[in-house]
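Protein chains in written order, with our numbering: chain A, 1 to 671; chain B, 1 to 284.
Mixed in with the good hints there might be a few duds.
[As the list claims (entries may be wrong)] If you want the footprint, here are the derived chain B segments under chain A, 3+ residues with CB under 8 Å:
1) 30 to 43
2) 94 to 107
3) 149 to 161
4) 178 to 185
[Unchecked claim] Counterexamples of contact, computed for chain A against chain B with all Cβ distances above 10 Å:
5) Lys-21
6) Glu-24
7) Glu-95
8) Phe-104
9) Gln-135
10) Gln-500
Worth flagging that the hints you see were computed from the coordinates, not collected in a lab. We put the beta carbon where it would ideally sit given N, CA and C, even for glycine.
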Amino acid sequence: MAKQRVMVIGGGLAGLAASMKLAELGIDVDLMSLTPAKRSHSVCAQGGINSCNDQTRQLGDSEWKHFDDTVYGGDFLQHQPPVKEMTDWAPKVIELMDRLGVTFNRTQEGFIDRRRFGGTLYKRTAFAGATTGQQLLYALDEQVRRWESDGKVTKYEFWDFLGPVLDENGVCLGCVAQDLVTMEIRSFRADAVVLATGGCGLIYGRSTMSMVCTGSAVSRSFQAGARYGNGEFIQVHPTAIPGADKLRLMSESARGEGGRVWVPRTSQDPRDPKNIPEKERYYFLEERYPEYGNLVPRDIATREIFDTCVNGGLSVEAGRQCVYLDLTHIDADELTRKLGGILSIYEKFQGVDPRFTPMKIFPAVHYSMGGLWADYERTAEGGLQPGSPRNQVTDIPNLYAIGECDYQYHGGNRLGANSLLSCIFSGLFVAPGLENLLKSQSSSAADQDASLYEGAVRQHQEQHQALLKRPVGKENPYLIHQELGDLMTKAATVVRRNDQLEAAYSACIELHERAQKCSLSDTGNWTNQNVVFTKALLDMFPLAKSILKGALQRDECRGAHFKPGFKMPSLTGEDAGDRRREAEAWCDRFDANNEKWLKSTVATWNDTEPDIDYEDVDTSLITPRPRLYGLAGAEVIERVWRERQAAKADRPGGNRATKSGETATAGAATS
Amino acid sequence: MAATSSNGHATPDAFEVRILRQAGPGQHSYWERHRVKYEHDMNVISVLQRIAANTKTVEGKSVAPVAWDCNCLEEVCGACTMAINGHVRQACSALVDHLLEDNPNEITLEPMTKFPALRDLCVDRGRLFRSLQRVKAWVPVDSYYDLGPGPKQSREEQEAAYPLSECMSCGCCMEACPQYMKVELTQNEGENDADFETRQQEAYDGAFLGAAAISQAVLFNANPTGKNIAGERLDALMGEGGIQVCGNAQNCVAVCPKEIPLTTSIACAGRSTTRHALKSWFDR
Ligand SMILES: Cc1cc2nc3c(=O)[nH]c(=O)nc-3n(C[C@H](O)[C@H](O)[C@H](O)COP(=O)(O)OP(=O)(O)OC[C@H]3O[C@@H](n4cnc5c(N)ncnc54)[C@H](O)[C@@H]3O)c2cc1C
Ligand code: SF4
Ligand code: SF4
Ligand code: FES
Chain A
1 MAKQRVMVIG GGLAGLAASM KLAELGIDVD LMSLTPAKRS HSVCAQGGIN
51 SCNDQTRQLG DSEWKHFDDT VYGGDFLQHQ PPVKEMTDWA PKVIELMDRL
101 GVTFNRTQEG FIDRRRFGGT LYKRTAFAGA TTGQQLLYAL DEQVRRWESD
151 GKVTKYEFWD FLGPVLDENG VCLGCVAQDL VTMEIRSFRA DAVVLATGGC
201 GLIYGRSTMS MVCTGSAVSR SFQAGARYGN GEFIQVHPTA IPGADKLRLM
251 SESARGEGGR VWVPRTSQDP RDPKNIPEKE RYYFLEERYP EYGNLVPRDI
301 ATREIFDTCV NGGLSVEAGR QCVYLDLTHI DADELTRKLG GILSIYEKFQ
351 GVDPRFTPMK IFPAVHYSMG GLWADYERTA EGGLQPGSPR NQVTDIPNLY
401 AIGECDYQYH GGNRLGANSL LSCIFSGLFV APGLENLLKS QSSSAADQDA
451 SLYEGAVRQH QEQHQALLKR PVGKENPYLI HQELGDLMTK AATVVRRNDQ
501 LEAAYSACIE LHERAQKCSL SDTGNWTNQN VVFTKALLDM FPLAKSILKG
551 ALQRDECRGA HFKPGFKMPS LTGEDAGDRR REAEAWCDRF DANNEKWLKS
601 TVATWNDTEP DIDYEDVDTS LITPRPRLYG LAGAEVIERV WRERQAAKAD
651 RPGGNRATKS GETATAGAAT S
Chain B
1 MAATSSNGHA TPDAFEVRIL RQAGPGQHSY WERHRVKYEH DMNVISVLQR
51 IAANTKTVEG KSVAPVAWDC NCLEEVCGAC TMAINGHVRQ ACSALVDHLL
101 EDNPNEITLE PMTKFPALRD LCVDRGRLFR SLQRVKAWVP VDSYYDLGPG
151 PKQSREEQEA AYPLSECMSC GCCMEACPQY MKVELTQNEG ENDADFETRQ
201 QEAYDGAFLG AAAISQAVLF NANPTGKNIA GERLDALMGE GGIQVCGNAQ
251 NCVAVCPKEI PLTTSIACAG RSTTRHALKS WFDR
């Protein structure tokens, strides 16, 4: 049998972690990426990476609590075994990254320093300055470069994955890709292909994501038969800096230090904000949430900013949506001391000093919780079976998905600093499974008949030529992309309404048809970025449709998916008896809703449309419980809910209560 | 209509962008002018995006869109380096308002000159990554199994290492360096890709490493585990195209967008190589 090899698509944290671990196991790796690995999107992450650690442990933390926070934050929509395995591994992942030379910030004594992030009470987050993602990525990139100089890893940078190659049984035996410089289309034989291609923020036009985050590789695999899970769960961050090209993140700490969010009461008041008198300013968060003010949880802040601009028409500017985030009432020196790092980002990209001029911010699409459906093998204890080839495999045999492009770890909403973890964890964990997969096979892709690959290449070449030959003067791909972004941003971000989603879905179908009539402004065969972009644009539609259809069908509120028409009510009763009755009804409704909707959305592509199906979620380890943050009557509901859990647990064969024996108090998970 | 930019200056309705273009390697380069409608908060990337969406020159001629490189758009990935109004820097953090303040008439964009041209503003920076292999810019760990935490490190050590580890391989320091010469090979007729690649790497390996790779060698030689192969890195620094090529012109440090103390690194590497040379001589 000829030597087997694995193709990894994507040089972000997930792809690099998988590549280095595979190389260590003695497997030859091809690593393909649109950009040099070192320039992958993972460099953008600033905040940090989570794990339970020696210090938090002594304050009562454990891997189990990290697991609990993660599934609670995700509104229980993720299968629990993969999450449990990930949080069990988290301390080990950080120790490994430490050994690889990541410049984590240190305590005075020389230990790794930690900060606190949203959705938890513990200081779990390790960080390297304000560029944690960059530092983690570089450490992995360096290891892969080491294997590259040993000849175990071969890099194909500036290549675009066009699709998997499947044999007559639907087994993946390699892929077809295109060289972005020479435009050559060729096949790559591989005994397994691992997709680590990140998120799909560009479907929304502009987001906090990088330019290659189009979701193209995922969409191409979806169109080849892999299913797509939980597409409608898209995380929107409340405060980003709107830019003509990108929406850049502005950290929540600006509000933590006293920043106030407001808009002029008159829409598009042309005056300099500093000349607008106090009584003509609308501090909408402070007015609507007197208790929490500007520090309402992120999902609420996001919704209110959105509502004020989109439905209230009170955006600061006419041409685009934004509100003021104002720090100018705080002493400038104090601001420099406490917020210097993030304020300089604003200054660098806006050319304005936020210590003296209010910042203009707006929520931005930030992360895709959804992704390719992936399998796992559960152990009796509820973790993952190490070395099982089932872990992370998609519906297409021998095609795997890891990192942000799988659907597995974050459910309805991702906690901050958990994504870098899931990327590195899934990359490391998938490797022994692949090793066993290769061992179990009797033939190698290298021995396959050439006709399989030639046929696949021919098909992609024909599609490519057809695009180049499109008549001139038709649709413009860049403008279609803008339209798609506007449509998606309007209908499927913060607040979702069925009438809008329905209209958006029809508009999306129409836009897809128009996109197929795009003319190219470059028909050459050398570094043709125009045709590469147009292909990525066409492949955005299957995912966009899955997001819209998934959101349309899901009549509930869960995690990042908020439909006001299906919101769980606050309690309104005046006396204790009324409240108690309402709380009972609330809990009934909560159970009934979970019965119906505590299910992953799983989409299958039928050539023109996604067919949506639902899959039960493995919640066998921690019983789903309500998130009650900011709800009137939360205490009563919680009491009733606890009593019911206790009653169930007392019954023989009743539900297992959470292992830690406690139910978290109300609190909104943040990202 | 004369609007004002976000920092209060009068802004034009539109402005001109002059781009040095080249269709492919070995082809002649030429200037082309485009007119772009002014918008608030534009950077050079959004200018290039507008040009891509409407590829007409000032003369009204339809042309092929301009090719350029970018990804993060936040000055952390290093992809979008080019010469803007004559200064090598990142296009994503080059704000139109500032550029027009310096020169209200036009913005010029040119590719870097020290790397082989691919097309328009895209160049091939493979040599820069090859330099990182030459100096073994990695920590030689035993394995990726769980072996406990890394060595304890002081705050001072972290604070010295962190700035060096921010190098995003953007190429600015090499573009500005008078000692860094372009190495450009063309594939011979009948030469296969693998052979060409080998020949190219050999050519790279004989040429100057550049300030960034020298600084990475210093970074890893200071790492508690990385220093276990410090000698091999110093050998690389002393070899052909090593630190002796540096003429100490200090251009590199002036253009580094991450403000990496490159000349300090070079001086440190110089001292270490001298010691290493003496030691190797005594150990003979
Ligand atoms: C501004 C920002 C800040 C963040 N901060 C944090 C944080 O503090 N903590 C945290 O945990 N998470 C954070 N996240 C999320 C986290 O950064 C990402 O989820 C994570 O980096 C994704 O890594 P990945 O390896 O899955 O993919 P990526 O890093 O996105 O890499 C994808 C790779 O796939 C390649 N690729 C894509 N398509 C193709 C194709 N068609 N052909 C070939 N190659 C392809 C790309 O070239 C790239 O190499 C942040 C995200 C953003 C946007
Ligand atoms: S100091 Fe050395 S590396 Fe830096 S610019 Fe001068 S010659 Fe080049
Ligand atoms: S040292 Fe600075 S200028 Fe040189 S490649 Fe690194 S970041 Fe760029
Ligand atoms: S696009 Fe990443 S540095 Fe400019």
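Comparing the hints with the structure gives:
With 5 residues having a Cβ less than 8 Å from any Cβ of chain A, the region 30 to 43 of chain B passes the three-residue criterion, so the hint holds. Coverage of the region 94 to 107 of chain B by chain A holds in this model, with 3 residues showing a Cβ closer than 8 Å to a Cβ of that chain against a need of three. Coverage of a stretch by a chain is defined here by at least three residues with a beta carbon nearer than 8 Å to that chain's beta carbons; for the region 149 to 161 of chain B and chain A the count is 9, and the condition holds. Counting residues of the region 178 to 185 of chain B whose C-beta sits closer than 8 Å to any C-beta of chain A gives 0, which falls short of three, so the coverage hint is violated.
Separation of Lys-21/A from chain B is inadequate, the least Cβ-Cβ distance of about 6 Å not exceeding the 10 Å criterion. Distance to chain B contradicts Glu-24/A as a non-interface residue, since its nearest Cβ pair spans about 6 Å, not more than 10 Å. At roughly 4 Å, the least C-beta separation between Glu-95/A and chain B is not larger than 10 Å, which violates its mark as non-interface. Its beta-carbon lying about 7 Å from the closest one in chain B, Phe-104/A breaks the requirement of being farther than 10 Å from that chain.
With a cut of 10 Å on Cβ distances, Gln-135/A falls inside the contact zone with chain B, its closest approach being about 6 Å. Gln-500/A, annotated as away from the interface, keeps every beta carbon of chain B farther than 10 Å; the closest lies near 27 Å.
In summary, the structure is inconsistent with hints 4, 5, 6, 7, 8, 9 from the numbered list given earlier, while agreeing with the others.
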